[in-house]
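Protein chains: 2
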Amino acid sequence: MPASNQPTAARPPDGIASAAHVLGDRWTMLIIRECFYGIRRFGDMVRNLGIARKVLAARLKELVELGLLERRRYRRDPDWYEYVLTPAGRDLYGAILALLHWADVHRPAFGERVRLHHMPCDHDTHAVVVCAVCRQELDPREVEARLPHPTTTE
Amino acid sequence: MPASNQPTAARPPDGIASAAHVLGDRWTMLIIRECFYGIRRFGDMVRNLGIARKVLAARLKELVELGLLERRRYRRDPDWYEYVLTPAGRDLYGAILALLHWADVHRPAFGERVRLHHMPCDHDTHAVVVCAVCRQELDPREVEARLPHPTTTE
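Residue numbers (this note's numbering), protein chains in the order written: chain A, 787 to 940; chain B, 787 to 940.
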């Protein structure tokens with residue numbers, strides 16, 4: 787994204803801006819998806835995503851620099867590398883599943899359905915986003931966001 | 787994003803690809819954030835985001851076409867409009883809060899902290915993503931994704 791198109795918010799950057807900076811690129815989210823699907827190798831990502839090698843190389847470099855992926859050598863001479871999620875990358879799982887459920891509900895015709903099986907309870911499932919304290923589902927009408935600059939909200 | 791940069795996946799599109807298509811743009815996620823912060827008007831978004839008016843107009847049009855925002859006239863002659871989240875847009879809340887918590891944990895230095903107060907339980911909180919069936923937190927090592935084309939995963 788060109789520099790002129792970067793958020794330079796009058797509202798100070800917050801965690802959502804940070805997440806948008808990390809994930810706000812269609813390819814990046816799909817590369818992270820591939821990692822959660824167990825794909826680690828450059829060639830597999832090229833095939834699964836139909837992405838240009840140059841674009842994939844740039845995005846992987848960015849994800850390594852951001853600390854979401856680790857580049858690991860799995861073969862020597864010539865050296866070959868694979869990409870695995872770091873703990874920070876793995877922690878995106880909940881958000882990705884929440885987005886997946888949103889799409890299953892609101893864009894059912896877009897693509898094929900991914901079935902998620904939760905092994906500990908042995909049921910097919912989907913993500914629900916709840917309050918860390920009372921474990922009730924979070925509803926925007928019931929959450930007050932206390933912002934750095936509250937005067938910018940109604 | 788130029789057409790050459792669109793995902794044209796060898797793996798058939800799924801819900802994550804759909805979500806990436808909708809949210810995979812830094813500005814789009816920030817515009818949705820503004821809506822959750824109670825901002826409805828073009829001029830307020832321009833000020834809060836420091837976004838070019840032309841870019842904002844294009845993104846808002848796209849979000850209305852995608853069914854995430856509704857364009858409402860709030861003044862006649864001249865007609866002025868505001869933008870409000872549709873039910874589909876509001877349903878992104880959980881995913882946005884999951885991303886916010888991820889950023890608070892993994893990118894604490896990036897920006898200012900947003901405090902979320904859950905009114906029903908009267909506690910400051912953050913999002914936790916749980917299994918819809920057993921309500922335990924979802925861990926990638928405990929969820930089996932049954933994909934349209936499992937042969938493309940290890």
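Since the hints were derived computationally from the structure, they do not count as laboratory data.
Everything numeric in this text was worked out from a predicted model, so none of it was measured.
Accuracy of the hints is not assured; some may be wrong.
Said to hold, decoys possible - Straight-line distance between alpha carbons at most 25 angstroms, and here's what the computed DMTMM-like set of lysine to aspartate or glutamate pairs gives:
1) A/K847 x B/D811
2) B/K847 x A/D890
3) A/K840 x A/D811
4) B/K840 x B/D863
5) B/K840 x B/E868
6) B/K847 x A/D811
7) A/K840 x B/D811
8) A/K847 x B/D890
9) B/K840 x B/D865
10) B/K840 x B/D830
11) A/K840 x A/D865
12) A/K847 x A/E868
13) B/K847 x B/D877
14) B/K840 x A/D811
15) B/K847 x B/D863
16) A/K847 x A/D877
17) A/K840 x A/E856
18) A/K847 x A/D890
Results of checking the hints against the structure:
no. : hint            : in the structure
1   : A/K847 x B/D811 : 19 angstroms, holds
2   : B/K847 x A/D890 : 23 angstroms, holds
3   : A/K840 x A/D811 : 15 angstroms, holds
4   : B/K840 x B/D863 : 23 angstroms, holds
5   : B/K840 x B/E868 : 16 angstroms, holds
6   : B/K847 x A/D811 : 19 angstroms, holds
7   : A/K840 x B/D811 : 20 angstroms, holds
8   : A/K847 x B/D890 : 23 angstroms, holds
9   : B/K840 x B/D865 : 19 angstroms, holds
10  : B/K840 x B/D830 : 14 angstroms, holds
11  : A/K840 x A/D865 : 19 angstroms, holds
12  : A/K847 x A/E868 : 12 angstroms, holds
13  : B/K847 x B/D877 : 19 angstroms, holds
14  : B/K840 x A/D811 : 20 angstroms, holds
15  : B/K847 x B/D863 : 21 angstroms, holds
16  : A/K847 x A/D877 : 19 angstroms, holds
17  : A/K840 x A/E856 : 19 angstroms, holds
18  : A/K847 x A/D890 : 31 angstroms, violated
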